[in-house]
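Spelled out from the first residue to the last, the chains are:
2 protein chains.
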Amino acid sequence: MGNRMIAGVLVTPLREIDTPGGNVFHAIKASDAGYCGFGEAYFSTAQPGKIKPWKRHNRMTLNLVVPIGKVRFILYDERTDSPSKNMFAEVVLGNPGHYARLTVPPGIWMAFQGVAEQTSWLLNVADLPHDPAEADRKTLNEIPYDWSEIK
Amino acid sequence: MGNRMIAGVLVTPLREIDTPGGNVFHAIKASDAGYCGFGEAYFSTAQPGKIKPWKRHNRMTLNLVVPIGKVRFILYDERTDSPSKNMFAEVVLGNPGHYARLTVPPGIWMAFQGVAEQTSWLLNVADLPHDPAEADRKTLNEIPYDWSEIK
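Going down the list, the sequences are from chains A and B.
Note that my numbering numbers the first sequence so that position 68 is 68, with each residue one more than the last.
Note that my numbering numbers the second sequence so that position 81 is 81, with each residue one more than the last.
In isolation and in its complexed conformation, chain A is listed as follows (with noise of 0.2 Å):
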């Protein structure tokens, strides 16, 4: 991930706590920086290499944790009054390794891509239940991004 952050986004690392017979890991608490309520909490599958093009929540707020695999999330702001318009970023969270949470304000872009052998596994605890009314969609080449390699 690059030295500067999209405004609004946070990636907040999250502990796993030893446990007998297997551990423990830490997703979102209520107090936690960049939870904003609870609407719903889901899960995403991103197959190996399979990019899943870009959609913008307009309302929603998004806080993604990866406990399996890895995945890379692309960033893109087209917020007309923000002070990184215009800016990518690019952040790669997974497990092990990258045990984090992607906290993604609403009006950002976003698509994002299995880097890992397997399936890799993504939380979402959003602050409103799915509603396809809030979210717009494009395809992948109508936001140009060089895909071809992890910066």
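Be a bit skeptical, because a hint or two may be false.
Rough simulated footprint, nothing fancy, chain A against chain B, three-plus residues with beta-carbon under 8 Å [what the hints assert, rightly or not]:
1. 49-62
2. 111-122
DSSO-like mimics (lysine-lysine), calculated; alpha carbons at most 30 Å apart, straight line [unchecked claim]:
3. 55/B - 29/A
4. 50/B - 138/B
5. 29/B - 55/B
6. 29/B - 29/A
7. 55/A - 138/B
Read the hints as simulated data drawn from the structure, not as lab findings.
Here a beta-carbon is modelled for each residue, glycine too, at the ideal position from N, C-alpha and C.
For this one, chain A is given, so just place chain B on it according to the hints.
Frame of chain A; chain B shown alone:
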């Protein structure tokens, strides 16, 4: 699982949504039966064959989903005023094949065992953040149960 269930415990089947590049799996919405507020979401893992011994949450409601692997939950009702007092119940959750949410109200003893060949993953969407003071623990032998075969 038996035909009767401990009072207040819910098992709710969950949907998997076909999606290009990787499917989506529901976990819990704020409007779902069994949801009673958000305090923390965290993962537990269960190693193959290992049993995590008895724990009773006295204030927390658990909402448990197993996106990967297979977990056998044994519940024991020791609530003095419960219509299912002294009842045991066994619930197996997993994916693929047993994809559902288990809601456990406060006051129920629970122990669980990983019964997949690989590590199993549990998501708990709890109405309270982690607080060791609201939970009681017992060793496996303190509540007698025949763990030798899945009922």
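Cross-check of the supplied hints:
Evaluation of the coverage hint for the region 49-62 of chain B: fulfilled, as 3 residues show C-beta separations to chain A shorter than 8 Å, against a requirement of three. Beta-carbon proximity to chain A at under 8 Å applies to 4 residues in the region 111-122 of chain B; the threshold of 3 is reached and the given coverage holds. The suggested pairing of residue 55/B with residue 29/A holds, with an alpha-carbon distance near 21 Å, which does not exceed 30 Å. Restraint check for residue 50/B and residue 138/B: the C-alpha separation of about 16 Å stays at or below 30 Å, so the hint holds.
Taken as a hint, the residue 29/B and residue 55/B pair is honoured in the structure, with Cα atoms around 26 Å apart against an allowance of 30 Å. At roughly 16 Å between alpha-carbon atoms, residue 29/B and residue 29/A fall within 30 Å of each other, so this suggested pair holds. With a CA separation close to 47 Å, the supplied pair residue 55/A and residue 138/B exceeds the 30 Å bound.
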